[in-house]
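K.L.:
What follows is each chain in one-letter form.
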Amino acid sequence: MVEYPVPLRSVLLALALAFVALAAWEIHWRGEDYRVAPEDDKHLWAEQRAKVERLGPEDVVLLGSSRILFDIQLDEWEAEAGRRPVMLAAAGTTPLPVLIDLVENSAFNGTIVLGITPPLYFSPPGDEHYFWRRISNWVKHYHTRTYADRFNHLVAKAPQGAFAFLNATEETFFDELDLRTRLETLVAPRRVPAQPPFPIFQYLDQDRNVTMWRADTDTALARMVTDFWSFVIQPPDPMPPPEAIEELRQAIIGMSVEQIEKFRARGGKVILVRCPSQDVFRAAENGGFPREKYWDPLVEATGCPAYHFEDYDFMNQYTLPEWSHLNSQDAKQFTTDLVRQMKEDGVL
Amino acid sequence: MLFNSLGFIVFLIVVLAFYYSPMQWTNKKRMLLLASYLFYAMWNPPLILLLWISTVVDWTAAKRMFRTSDPKARKRWLILSLCVNLGFLAFFKYGGFLLENFIWLLNTVGLDFQAAAPDIILPMGISFYTFQTMSYTIDVYRGKTEPAGKFLDFALFVTFFPQLVAGPIVRSTQLIPQFAAPKRATQRQFIWGAFLLTLGLFQKVIMADVLLSSAADAVFGAGSLLHPVDAWGGTLAFSGQIFFDFAGYSTCAIGIALMLGIIIPDNFRYPYAAIGFSDLWRRWHITLSSWLRDYLYIPLGGNRRGPVRTYVNLTLTMLLGGLWHGAAWTFVAWGGLHGIYLMIERFLRGKVRLRINAWNGILLAFLTFTCVNITWVFFRAREFDTAIDMLGSMFLLNGGVEKVLQSFDVLVVYVVIAILFVVHWLMRNTSVREATARAPWWLLGLAWAVMLFLLVIAQSSGEQFIYFQF
Numbered sequence: 001m002v003e004y005p006v007p008l009r010s011v012l013l014a015l016a017l018a019f020v021a022l023a024a025w026e027i028h029w030r031g032e033d034y035r036v037a038p039e040d041d042k043h044l045w046a047e048q049r050a051k052v053e054r055l056g057p058e059d060v061v062l063l064g065s066s067r068i069l070f071d072i073q074l075d076e077w078e079a080e081a082g083r084r085p086v087m088l089a090a091a092g093t094t095p096l097p098v099l100i101d102l103v104e105n106s107a108f109n110g111t112i113v114l115g116i117t118p119p120l121y122f123s124p125p126g127d128e129h130y131f132w133r134r135i136s137n138w139v140k141h142y143h144t145r146t147y148a149d150r151f152n153h154l155v156a157k158a159p160q161g162a163f164a165f166l167n168a169t170e171e172t173f174f175d176e177l178d179l180r181t182r183l184e185t186l187v188a189p190r191r192v193p194a195q196p197p198f199p200i201f202q203y204l205d206q207d208r209n210v211t212m213w214r215a216d217t218d219t220a221l222a223r224m225v226t227d228f229w230s231f232v233i234q235p236p237d238p239m240p241p242p243e244a245i246e247e248l249r250q251a252i253i254g255m256s257v258e259q260i261e262k263f264r265a266r267g268g269k270v271i272l273v274r275c276p277s278q279d280v281f282r283a284a285e286n287g288g289f290p291r292e293k294y295w296d297p298l299v300e301a302t303g304c305p306a307y308h309f310e311d312y313d314f315m316n317q318y319t320l321p322e323w324s325h326l327n328s329q330d331a332k333q334f335t336t337d338l339v340r341q342m343k344e345d346g347v348l
Numbered sequence: 001m002l003f004n005s006l007g008f009i010v011f012l013i014v015v016l017a018f019y020y021s022p023m024q025w026t027n028k029k030r031m032l033l034l035a036s037y038l039f040y041a042m043w044n045p046p047l048i049l050l051l052w053i054s055t056v057v058d059w060t061a062a063k064r065m066f067r068t069s070d071p072k073a074r075k076r077w078l079i080l081s082l083c084v085n086l087g088f089l090a091f092f093k094y095g096g097f098l099l100e101n102f103i104w105l106l107n108t109v110g111l112d113f114q115a116a117a118p119d120i121i122l123p124m125g126i127s128f129y130t131f132q133t134m135s136y137t138i139d140v141y142r143g144k145t146e147p148a149g150k151f152l153d154f155a156l157f158v159t160f161f162p163q164l165v166a167g168p169i170v171r172s173t174q175l176i177p178q179f180a181a182p183k184r185a186t187q188r189q190f191i192w193g194a195f196l197l198t199l200g201l202f203q204k205v206i207m208a209d210v211l212l213s214s215a216a217d218a219v220f221g222a223g224s225l226l227h228p229v230d231a232w233g234g235t236l237a238f239s240g241q242i243f244f245d246f247a248g249y250s251t252c253a254i255g256i257a258l259m260l261g262i263i264i265p266d267n268f269r270y271p272y273a274a275i276g277f278s279d280l281w282r283r284w285h286i287t288l289s290s291w292l293r294d295y296l297y298i299p300l301g302g303n304r305r306g307p308v309r310t311y312v313n314l315t316l317t318m319l320l321g322g323l324w325h326g327a328a329w330t331f332v333a334w335g336g337l338h339g340i341y342l343m344i345e346r347f348l349r350g351k352v353r354l355r356i357n358a359w360n361g362i363l364l365a366f367l368t369f370t371c372v373n374i375t376w377v378f379f380r381a382r383e384f385d386t387a388i389d390m391l392g393s394m395f396l397l398n399g400g401v402e403k404v405l406q407s408f409d410v411l412v413v414y415v416v417i418a419i420l421f422v423v424h425w426l427m428r429n430t431s432v433r434e435a436t437a438r439a440p441w442w443l444l445g446l447a448w449a450v451m452l453f454l455l456v457i458a459q460s461s462g463e464q465f466i467y468f469q470f
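Respectively, the protein sequence lines represent chains S and D.
Numbering-wise (our numbering), the first sequence opens with residue 1 and increments by one.
Numbering-wise (our numbering), the second sequence opens with residue 1 and increments by one.
Keep in mind the hints are simulated off the structure, nothing from the lab.
Be aware that a few hints might be false.
Subject to a maximum C-alpha distance of 25 angstroms in a straight line, what follows is the list of computed SDA-like cross-link-like pairs (lysine to any residue) [as the list claims (entries may be wrong)]: (1) K157/S / L204/S; (2) K72/D / S5/D; (3) K269/S / E53/S; (4) K157/S / K144/D; (5) K157/S / F19/S; (6) K403/D / A188/S; (7) K332/S / F314/S; (8) K140/S / A162/S; (9) K403/D / E170/S; (10) K51/S / S461/D; (11) K403/D / Y147/S; (12) K140/S / S290/D; (13) K293/S / G303/S; (14) K140/S / R382/D; (15) K157/S / S5/D; (16) K293/S / L204/S; (17) K403/D / P238/S; (18) K332/S / D207/S; (19) K343/S / A188/S; (20) K75/D / F131/D; (21) K403/D / N373/D; (22) K140/S / S5/D; (23) K140/S / S461/D; (24) K403/D / D207/S; (25) K140/S / D217/D; (26) K403/D / D237/S.
Please read these numbers as outputs of a predicted model, since none were measured by experiment.
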């Protein structure tokens, strides 16, 4: 057998070349305006979820889909309400599994702000459905994460807080910077139909406070997002029978009532919020999930204080760059106004 | 803890810092033992108890066997060791499977019996460390080796973190003597160990996870009759994925151990260049194959009791080898197919005289590789219906037309697997170390830099190694 064949100068060359290549990679992506930010993954979500165990009756937890993530700004909420809320909303998910988890598996008895995005909230329950499974996996991760998971998350914070090229999520954004996604862009022809490219248009901080990125300044990018929305909000073909749709609607309302009543019984409070949507998105929501059949009965059945953007001018005064989310500047004012209104109404 | 995680890199740096600090050898071994328990406990602390029980039982059994000359007493101690280790396996790994089949059997004979599915955690790496400790007590029983002199050395043999959860399955004679005297890697050993760690991570993260896993997942999760290009694509992708995943883990383990100055044996030698199935099992998961040969096939009689008995022994060994991988009938089918291949090969070897050269050799290797791919369908599918549909699509028997792989995956899978096969063929009679020795220093530096760069930008989410579940 030959002697161990790699000399020290090979190591030094490898380290030098790897360092130069990574520096060039980082400079390139910073030049493309990529930001240094943590990954919005199950580990960061679980870290926030763990905070709930230490909260008291005066605290607020934010649940919902991406609209709560974009539209509620934590600094403004804290400045107005005096306490920083915990952000547990997650993009492309229904908040119901998290509501169930908080009610069943925590002693939290403060206030839950429950964001309702009708196509997501009234989507079918169960892990066989994407909107449910995605957040359900995060909830399961919180309860089953190992010490190794926690340690990895802890040590990953330093590089995530230093390098812009560390940009990979569990989503399917076409412009993420992980190797797999970069390689996929090199082979363009499609062999099987696929969704239109979906760009990243946000970044967040360690508290999962989201900032809109590029969609508010780059109309071409905003157009890519709206093209994607136009694709995903198509009604299913074939449509489920009306009885099945009605059964699902009632099931979701029933599930919500059951959990909220349990939560109330131990002193908790739930506030429903319907954040704004516009244009084709709003038309699709109004068509598939009309307010009088979905939002109004949900509010009535749960008896929760509720804020629908159509009912308040301050919630309805902005132009949404991509039909579904506020830009961050508007979101700050939106948050301040919403908290003030809630305080004025005595629900917060 | 996973090798392909940032947490492990931090862990390793701390271990190396202590290991190379001015500390007595015994204290270094204590530190390694503690680090190994920590390595395991970071996943599930209570399950360390199983490691401790295995360690204490096998340590005691071996000592007692060695001290007595009473054959009955020796056998009793051996049986105790086997019962504890196999009992752990039976309960934790096969409990659910046994119950499921028991219920099926009762229902089949008309008895209405139901039971709740047991909620049993499969301890990571249980199949590896139980086999490793069992080999120790069996060897002491057979008089092939003496018991370890120090409990610390034995405990470290059972728990040594580089190979604890997914092998290589090391024999006591290969590892315990290395703990006797102070060990430190030479500079060249340390560098080579670090190189192997990088190479292993590259195999796992880039080749298995980034390039191949999604194609395999898409195809085996499709649930429909697939276009032959997709069916073959998914099977080939899994074939490459499982090799890079497992060989990558073994390469990391060997590299990490070498950084500590400890040598552990090879586990893979370019298996996809194997000519025939005896050759395959001398190249694939070598430490398991040799374990099954020494502790199952030969005790069953091996090839010493006539052709029929040899075939039976081969089949039994491979069926149990399949079951070792997982508690499902598809794994048994995988092992059974390998058993059939070995029987056919053995039968043909007596009838056909063939001089292997480069030309017929590569054709035979390709034939072997193709047959191996058929077995991987059962290994990956987990359900027979899926496996049958996959094979139907691969051999144009079911008119499957659905496409699930994008152009990117088709291109990557077929190119990567073609290169994999050719590289295995070119390397079949050599080793990475010998090939590396022929390369200029700057080329090694460049290759290492490329691997490091790709590993960092891959942004691996720390996917588990496939063999952790076994």
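K.L.:
Taking the hints in turn, state whether each one holds.
P.N.:
Results of checking the hints against the structure:
1. K157/S / L204/S: The hint holds at about 13 angstroms.
2. K72/D / S5/D: violated, 49 angstroms
3. K269/S / E53/S: With a Cα-Cα distance of about 16 angstroms, the restraint between K269/S and E53/S holds, given a limit of 25 angstroms.
4. K157/S / K144/D: Between K157/S and K144/D the Cα gap is close to 51 angstroms, so the pair fails against 25 angstroms, i.e. violated.
5. K157/S / F19/S: Judged against 25 angstroms, a Cα distance of about 20 angstroms means the pair holds.
6. K403/D / A188/S: holds, 17 angstroms
7. K332/S / F314/S: holds, 12 angstroms
8. K140/S / A162/S: violated, 29 angstroms
9. K403/D / E170/S: holds, 24 angstroms
10. K51/S / S461/D: holds, 23 angstroms
11. K403/D / Y147/S: Distance ~40 angstroms between K403/D and Y147/S Cα, so the pair is violated.
12. K140/S / S290/D: violated, 40 angstroms
13. K293/S / G303/S: At roughly 16 angstroms apart (the allowed maximum being 25 angstroms), G303/S and K293/S satisfy the hint.
14. K140/S / R382/D: holds, 24 angstroms
15. K157/S / S5/D: This hinted pair holds, its Cα atoms lying about 13 angstroms apart.
16. K293/S / L204/S: Measuring from Cα to Cα gives roughly 34 angstroms; hence the hint is violated.
17. K403/D / P238/S: holds, 21 angstroms
18. K332/S / D207/S: With Cα atoms ~16 angstroms apart, K332/S and D207/S stay inside 25 angstroms; holds.
19. K343/S / A188/S: violated, 52 angstroms
20. K75/D / F131/D: holds, 18 angstroms
21. K403/D / N373/D: holds, 20 angstroms
22. K140/S / S5/D: It holds: about 21 angstroms lies between the C-alpha atoms, which stays within 25 angstroms.
23. K140/S / S461/D: Between K140/S and S461/D the Cα gap is close to 17 angstroms, so the pair holds against 25 angstroms.
24. K403/D / D207/S: Given that 25 angstroms is the threshold and the Cα spacing comes to 41 angstroms, the pair is violated.
25. K140/S / D217/D: Measuring from Cα to Cα gives roughly 21 angstroms; hence the hint holds.
26. K403/D / D237/S: holds, 20 angstroms
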